[in-house]
Amino acid sequence: GAVVSQHPSRVICKSGTSVKIECRSLDFQATTMFWYRQFPKQSLMLMATSNEGSKATYEQGVEKDKFLINHASLTLSTLTVTSAHPEDSSFYICSANLGQGKLFFGSGTQLSVL
Amino acid sequence: KQEVTQIPAALSVPEGENLVLNCSFTDSAIYNLQWFRQDPGKGLTSLLLIQSSQREQTSGRLNASLDKSSGRSTLYIAASQPGDSATYLCAVRPTGQGAQKLVFGQGTRLTINP
Chain F
21 GAVVSQHPSR VICKSGTSVK IECRSLDFQA TTMFWYRQFP KQSLMLMATS
71 NEGSKATYEQ GVEKDKFLIN HASLTLSTLT VTSAHPEDSS FYICSANLGQ
121 GKLFFGSGTQ LSVL
Chain Z
3 KQEVTQIPAA LSVPEGENLV LNCSFTDSAI YNLQWFRQDP GKGLTSLLLI
53 QSSQREQTSG RLNASLDKSS GRSTLYIAAS QPGDSATYLC AVRPTGQGAQ
103 KLVFGQGTRL TINP
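Protein sequence lines, in the order shown, are assigned to chains F and Z. Each residue of the first sequence is one higher than the one before, starting from 21 at the first, in the numbering used here. Each residue of the second sequence is one higher than the one before, starting from 3 at the first, in the numbering used here.
The hints are simulated quantities; they were obtained by calculation from the structure and are not laboratory data. Please read all numbers here as calculations on a predicted model, not as lab measurements. Note that CB positions come from ideal geometry on N, CA and C, so glycine has one too. Each hint should be verified, as a subset may be incorrect.
[What the hints assert, rightly or not] Now the in silico label distances, taken between C-beta atoms and shown as ranges: (1) K3(Z) with D85(F): 38 to 46 Å; (2) K75(F) with E58(Z): 19 to 27 Å; (3) A92(F) with V15(Z): 18 to 26 Å; (4) G36(F) with D69(Z): 23 to 31 Å; (5) M65(F) with G98(Z): 27 to 35 Å; (6) K75(F) with L13(Z): 37 to 45 Å; (7) G98(Z) with A92(F): 28 to 36 Å; (8) E79(F) with G62(Z): 46 to 54 Å.
[Stated by the list, open to error] A partial selection of chain Z residues facing chain F, derived with a Cβ cut-off under 8 Å: (9) Y78; (10) K103; (11) I114.
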């Protein structure tokens, strides 16, 4: 079946550094990918919609300059958390749209900012 | 604004029991509803997808129902096993939104005791 690969699974960084998270669709092309954020014991909150070849669409309250999204190919979207701070520590998950209501999710990235 | 609520937040039952997880949503204008499973620190696995025109879907020991007019869905798990322990999330795709946006509930943390 379709697989979405997300890397890295866990990252620990110092405050002020930037972190890049990759989301790949391994056996299908995804013109649209989604980035979610999940705090402990809370639900997933959509951050942005990543569109191949065009600018990402951000949800209200999500800082575009803070969370940079690049969808340069039909199989890869990246999320860069710029100048990360402890409050950015969270679980980030991507998903890819296979069409017909089918969404496949990556395994997530646990970000810890010290 | 669409809101999704899941009750209970946590559930612990002995192995072998049948159980029901509940999901309610505030706006009945949806394309579909989906149940996911999330293991600790992992991504999401889609369990069942119910289109708005459908009443239920079944997969193995799982059965999901949808009553769109009342804004409710249930996930029935038969003959529960310790391997069923996970967090179960329901999500709706509202109509009128961009491609594939999902609104998630906060999940039910299920523990099956051997």
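Now the hints, each set against the structure:
For K3(Z) and D85(F), the Cβ-Cβ distance of about 26 Å falls outside the hinted range of 38 to 46 Å, so the restraint is violated. The hinted range of 19 to 27 Å is not satisfied by K75(F) and E58(Z), whose Cβ atoms lie roughly 40 Å apart. A C-beta distance of roughly 47 Å is found between A92(F) and V15(Z), which places it outside the suggested range of 18 to 26 Å. Between G36(F) and D69(Z) the Cβ separation comes to about 50 Å, which falls outside the hinted range of 23 to 31 Å.
For M65(F) and G98(Z), the Cβ-Cβ distance of about 19 Å falls outside the hinted range of 27 to 35 Å, so the restraint is violated. Between K75(F) and L13(Z) the CB atoms are about 42 Å apart, so this pair conforms to the stated range of 37 to 45 Å. For G98(Z) and A92(F), the hinted distance range of 28 to 36 Å is satisfied, since their beta carbons lie about 30 Å from each other. The hinted window of 46 to 54 Å between E79(F) and G62(Z) is violated, with their beta carbons roughly 35 Å apart.
Because the closest C-beta pair between Y78(Z) and chain F is about 22 Å apart, greater than 8 Å, the hint is violated. Because the smallest distance between the Cβ of K103(Z) and any Cβ of chain F comes to about 6 Å, under 8 Å, the interface hint for this residue holds. Here the hint on I114(Z) is broken, as its CB sits about 19 Å from the closest CB of chain F, past 8 Å.
Hints 1, 2, 3, 4, 5, 8, 9 and 11 from the earlier list are contradicted by this structure; the remaining hints agree with it.
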